[in-house]
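Colleague: For chain U, the structure is supplied; the task is to place chain W on it using the hints.
These protein sequences, in sequence, are chains U and W. All residue numbers for the first sequence refer to numbering that gives the first Met the number 0, where the first residue is 0 and numbers rise by one. All residue numbers for the second sequence refer to numbering that gives the first Met the number 0, where the first residue is 0 and numbers rise by one.
Calculated from the structure, these hints are not laboratory results. Hints are not guaranteed to be accurate.
Partial list, computed: chain U residues near chain W (C-beta under 8 Å) [said to hold, decoys possible]: (1) A31; (2) Q32; (3) Y34; (4) T35; (5) H36; (6) E38.
Quick list of simulated restraints, FRET-style, between CB atoms [stated by the list, open to error]: (7) A70/W to L68/U: 45 to 51 Å; (8) Q62/U to L80/W: 31 to 37 Å; (9) E38/U to I98/W: 26 to 32 Å; (10) G91/W to H36/U: 16 to 22 Å; (11) G57/U to F95/W: 34 to 40 Å; (12) G57/U to I21/W: 27 to 33 Å; (13) H109/W to E38/U: 42 to 48 Å; (14) T47/U to F95/W: 24 to 30 Å; (15) K55/U to L2/W: 47 to 53 Å; (16) V9/W to G57/U: 42 to 48 Å; (17) G57/U to L80/W: 24 to 30 Å; (18) H36/U to E111/W: 40 to 46 Å.
Backbone N, C-alpha and C define an ideal beta-carbon position, used for all residues, glycine too.
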Amino acid sequence: MNSMTPSKPKRYLLWQVPMTVVFLAFGLLMAAQYYTHSEGGSLANESTANLAMIIKSGNDNKQALEAELAALKAELAESQALVEKGESLYATMSSRIDNLSIAIGDIPVEGSGLVITVTGDSNLMYYDLIDITNELFVSGAEAVSINDIRFTSHTQIAEQARFNEVFDEETQTYNSVTHYVITVDGEELRYPIIIKAVGDPQTLAKGLEYPGGIIDSLNTLYSVYPTIKPMERLEIPAATPVAYRHAVLAPAAAEGK
Amino acid sequence: MWLPLLGLIVGLLLGAIFSFSIPIVYANYLAIAVLAGLDSLLGGWRAVLEKDFDANILLSGFFVNAILAAALAWLGDMLGLDLYLAAVIAFGIRIFKNIGAIRHGIIFQHRERQARKKEQQAMHYLSKEHE
Chain U
0 MNSMTPSKPK RYLLWQVPMT VVFLAFGLLM AAQYYTHSEG GSLANESTAN LAMIIKSGND
60 NKQALEAELA ALKAELAESQ ALVEKGESLY ATMSSRIDNL SIAIGDIPVE GSGLVITVTG
120 DSNLMYYDLI DITNELFVSG AEAVSINDIR FTSHTQIAEQ ARFNEVFDEE TQTYNSVTHY
180 VITVDGEELR YPIIIKAVGD PQTLAKGLEY PGGIIDSLNT LYSVYPTIKP MERLEIPAAT
240 PVAYRHAVLA PAAAEGK
Chain W
0 MWLPLLGLIV GLLLGAIFSF SIPIVYANYL AIAVLAGLDS LLGGWRAVLE KDFDANILLS
60 GFFVNAILAA ALAWLGDMLG LDLYLAAVIA FGIRIFKNIG AIRHGIIFQH RERQARKKEQ
120 QAMHYLSKEH E
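Same shape as in the complex, but just chain U (with noise of 0.2 Å):
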């Protein structure tokens, strides 16, 4: 055999070869294709038919939500309007507390009005007050205050006897003096009498000043003169707060409340 004879390739490397090249080839391709879906995403590696179900169960959830949105707003509205009904109520039910408590002398007032002025000097009875202060209510006051004593539906206008000893020169003993207080809620009134009433400056004055009035026949009648100055602004303090210990809602008042 001649010697240049190219030699005879080993058996193994004439498959082997191309074969551990396509195996290496595969290798990388089966590598790649692992690293393109394991970052692919979960849609990405979805079939047709399951995109088809993601989607609907998609819009079947935002069709839930929405409703669920659409119950929520109604709801809100339906909240904010009993929120503003609340408020409204809320409203009403202060000024009507405020008019109450106006009305029982629960709490200080002010605004324009009279005040009437009763000196030292003058004979000036319990009822004459009692007078003086249902007529001014007639005329529209809307609180009236005796020396600063809130006249309220409880107040007692009265009259209370007082003795004193005075000592007798001409026969040397002490003798025993009556005279009369007027009492208001049982305090002792001083002079001057101070009467507040709030009120319309000018009604108020005419309901006391007509002819035939009460001050015109305290005038004629006891000398009794008092005097009328209008106000722009008067204050009268509150009531004394009365515990209502017996008194409770009727059923029927309880039941229309």
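Modeller: Chain W only, in chain U's frame:
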């Protein structure tokens, strides 16, 4: 057979080390290419067993088939047809055929070896008796 297996392991390792991936939109084309590669690979093995191996056919088949299969899938996408299904079915059938042939090849090879062994033993026995 050890060398190709080593090649497969090296290929997988290289892929894992560099962990290269392609854009997800091309993932389907790569899958088809993998299928085509598997088909060529099994075809090559079959040819080895049937003593009909040709390196050129294997190498060209592997790369050209992979590229063409991916191109077919791409064309299908362009046309709005699921053409890749055709490739999947065709390669699937061929892969199973190749696997069957490989199985046959391995069994026949084994039998041939057994028969040759027995023959040699018989020859050895006869030659001893002759002496």
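Colleague: Which numbered conditions among the earlier hints are violated in the structure presented, ordered from lowest to highest?
Modeller: Every hint satisfied by this model.
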